[in-house]
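In case you want the letters, here they are:
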Amino acid sequence: MKANIYGFELWRKRNSILIWSASIVLVALLYMGLFPTFADYAAVLQETLKRFPPEYLEAFGMAGVDLSTVVGYYSFVFTFLQILLALQASNYGFDLIAVEEGQMIADFVVSKPVARAQILTSKLLAAFTALTITSAVTWAASFLFIELFREGRPYELRPLALMLGSIPIFQAVFLSLGLAFSLLTRGIRSATPYGLVLGFGGYVLNAFGDLLGDVKLELITPFRHFDPTYIAQHQAYDAPLVLLSVAMMVIALAFSYWRYLRRDIPAAV
Amino acid sequence: MSIIEVEGLTKYYGRTRGIEDVSFRVEEGEIFGFIGPNGAGKTTTIRLLLALIYPTRGSARIFGRDVFRHGPEIRQEIGYLPGEVFYYGRMKVIDLLKYAASFYNRDCTRRMFELAEYMELDLNRRIDELSYGNRKKVGIVQGLMHSPRVVFLDEPTIGLDPLMQRRFFDLIREENARGMTVFFSSHILSEVQRLCHRVAIIREGHIVEIADMETLIRNNYKKVRVVARDIDPSYFDIPGVTHLERINHAVHFFYRGDINAVLRRLSALNVTDVTIEEPTLEEIFMHYYERSGS
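Here the protein sequences line up with chains P and X, keeping their order.
Numbering of the first sequence is given in this note's numbering, commencing with residue 118 and proceeding in unit increments.
Numbering of the second sequence is given in this note's numbering, commencing with residue 4 and proceeding in unit increments.
Next comes chain X alone, as it looks inside the complex:
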């Protein structure tokens, strides 16, 4: 049995599309990436799974139980870090965290202090004095302090500085190694690549691909740019190359397949500069867009 089972989940806000016919499964112990541009429906999906909003159609189960009927029991074992963290401003961090802890049927105190220390969070400050990044840390501590079986992270790294991001990723890996299932939503491909085992791509409310990370990267396009004297674009016209074009002295193209084929071609040239990089998320979406359009 999968730990999260989503079946045909659809949400309209009035006549506005939230998500349409979203289905996926998350296995216990996975770090599941949920990636898509802003407004694609990532937050809507997470908020449905937490029963903060109700679906127009479809079903969602966590631990095999309907999230809309058994929400309170399920949420004992769920952690949630919202994308936008808003809290009662006039409270001290420690008071807010203690209040949050009071909802769980276990003692969270020790873990709360450990996490706050690890994330370098000052517990005695008032919430409304905190910067955005520090409020995010409050969210992280209160999402993890009860050691939930499943955690939903909605754009968790926004607002965190690079050092804290790395610490946070280490923390998530550690918790995952202890058995926590992670649902990780983001619009930043690189961080999903760093962390996730499997990933679902959502675009305009629809899931367009669910794949494990390795397959996705292997199958994905590379973006290649070659600068060389008197280069003819047709030189790179080999199978797997698309969007071939020349801009000034450089040849740009996308390539999908065994990268050695491109490297062999390159080695025969006297190149000035070469870059081979991951496509941006937008470019990946362009790819899915074109494929679904053709």
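Bound conformation, chain P alone:
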């Protein structure tokens, strides 16, 4: 790791960290602010929800969710926070190497006295630090708004801690996948569209994967591996799926190092 690259990369992300964290706070506030209303009308709501087709409820993370409890309701909210976290992480993944190369500024750092592996490691750690800051903000906002809006309703800490505790690995998977995909191609000038496809695609795959029937494609998305409804119901992670996430991350990172260390840095022609 090179401290100067790490510091520089982290400093460059300061606005981005601020914007993503603010989005998280806003979404958490918006949804948790509705909790008292939802909880009050829980009985009516459950009746209404029963009339929806189960696939629909599945798609919006409301199957088997008891919206009248703090944990049940939060697990519903957490899905939306996950979408934001996934978008941020995928964005950073695509941005890490490929955007600099696409904008032809990669020469600057690669021509300096530093090994490629050190460049990649420093950038990865800086991105992960940025994601960890957002993760910390997610913890703080979640507990703050739960306390503000639960109106004396009790809740268990364990499922909440399990959900929030899953964030770092969830982010790391999207970060590594974004990086690996970005190194498969060339000429990426902006990470946003690619990040959007990966992050949001992961969500859609989980939400609507059940509609595909027997094809269990949704098993590959981290949204399924860290499904908040599952965590709320079982008070535990779905261990095999979490391991699948870890495996995907390890493979993506190994591929990224392998590829980056052998890669020709593009130049303007």
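If you are wondering where the hints come from, they were derived from the structure by calculation, not from laboratory data.
Treat the numbers as computed from the prediction; the structure is a model and nothing was measured.
Treat the hints loosely; a few may be bogus.
Quick list of simulated restraints, FRET-style, between CB atoms [said to hold, decoys possible]: (1) Ser307/P x Gly243/X: 56 to 62 Å; (2) Arg20/X x Leu147/P: 42 to 48 Å; (3) Arg109/X x Pro285/P: 36 to 42 Å; (4) Arg128/X x Leu378/P: 32 to 38 Å; (5) Glu248/X x Leu378/P: 55 to 61 Å; (6) Met4/X x Ile222/P: 31 to 37 Å; (7) Gln235/P x Gly17/X: 24 to 30 Å.
Backbone N, C-alpha and C fix where the C-beta goes; we use that ideal spot for every residue, glycine too.
Fit chain X to the supplied structure of chain P, relying on the hints for placement.
Chain X only, in chain P's frame:
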């Protein structure tokens, strides 16, 4: 031991030719010109030496060490000015230069300010506000501020106004006098002639000639144009003259050899106008092309 040793270096981009079988040596303290038209492989060669890209075949050593295996250590002592300068746009010049300096195991601050002042570079502007020429200056400062032993300059003068070009050349001569080896790539023959001790000519990915500057100029063709009344082209048909032709009232030809032979012929004529000039780079390449074709 030569400071740069390149042996059979070959690079293909997929199936596209970058360079083929390029070999040359650069001695310590030299200003080595690397000249060729656009797309000849100059940038490819430099980027290989900096390990920005990897070769298909061949080897390259700087300070006696393989550039692809020992890149990080070697680059402590290397400066690089890319042909196209792209930097993180939203930064201030000073911040970018400080970041660049942070990679070297010595304090570059004083030299950085000296160079910026010398090149009249405003350190407090944002990079994306800079004109092309000013971005080039940023490149010059960051390529030289750590006083490298070897510097690679890829088309360094493009974008600089004539005054700045001259200042830049003075700077390079000064650094060279202090011992810096200079690898100078360009497609402009005159600037290579002004600066370089030795020159390699690259064309379509191949080195076609390596010569010291004096030999190259001495051996080179002169382009002669004579305007005189009732002149017969055969009057100039002496050894060393080629491409002899008459266009309107003027006789044009290329001449290689002792120029006095031509001057003696001219002095016997009542001429209206005479020009004797260096051939353009293209014409030199034509010459190498014809020679390799025959």
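Results of checking the hints against the structure:
no. : hint                            : verdict
1   : Ser307/P x Gly243/X: 56 to 62 Å : holds (60 Å)
2   : Arg20/X x Leu147/P: 42 to 48 Å  : violated (58 Å)
3   : Arg109/X x Pro285/P: 36 to 42 Å : holds (38 Å)
4   : Arg128/X x Leu378/P: 32 to 38 Å : holds (36 Å)
5   : Glu248/X x Leu378/P: 55 to 61 Å : holds (57 Å)
6   : Met4/X x Ile222/P: 31 to 37 Å   : holds (35 Å)
7   : Gln235/P x Gly17/X: 24 to 30 Å  : holds (28 Å)
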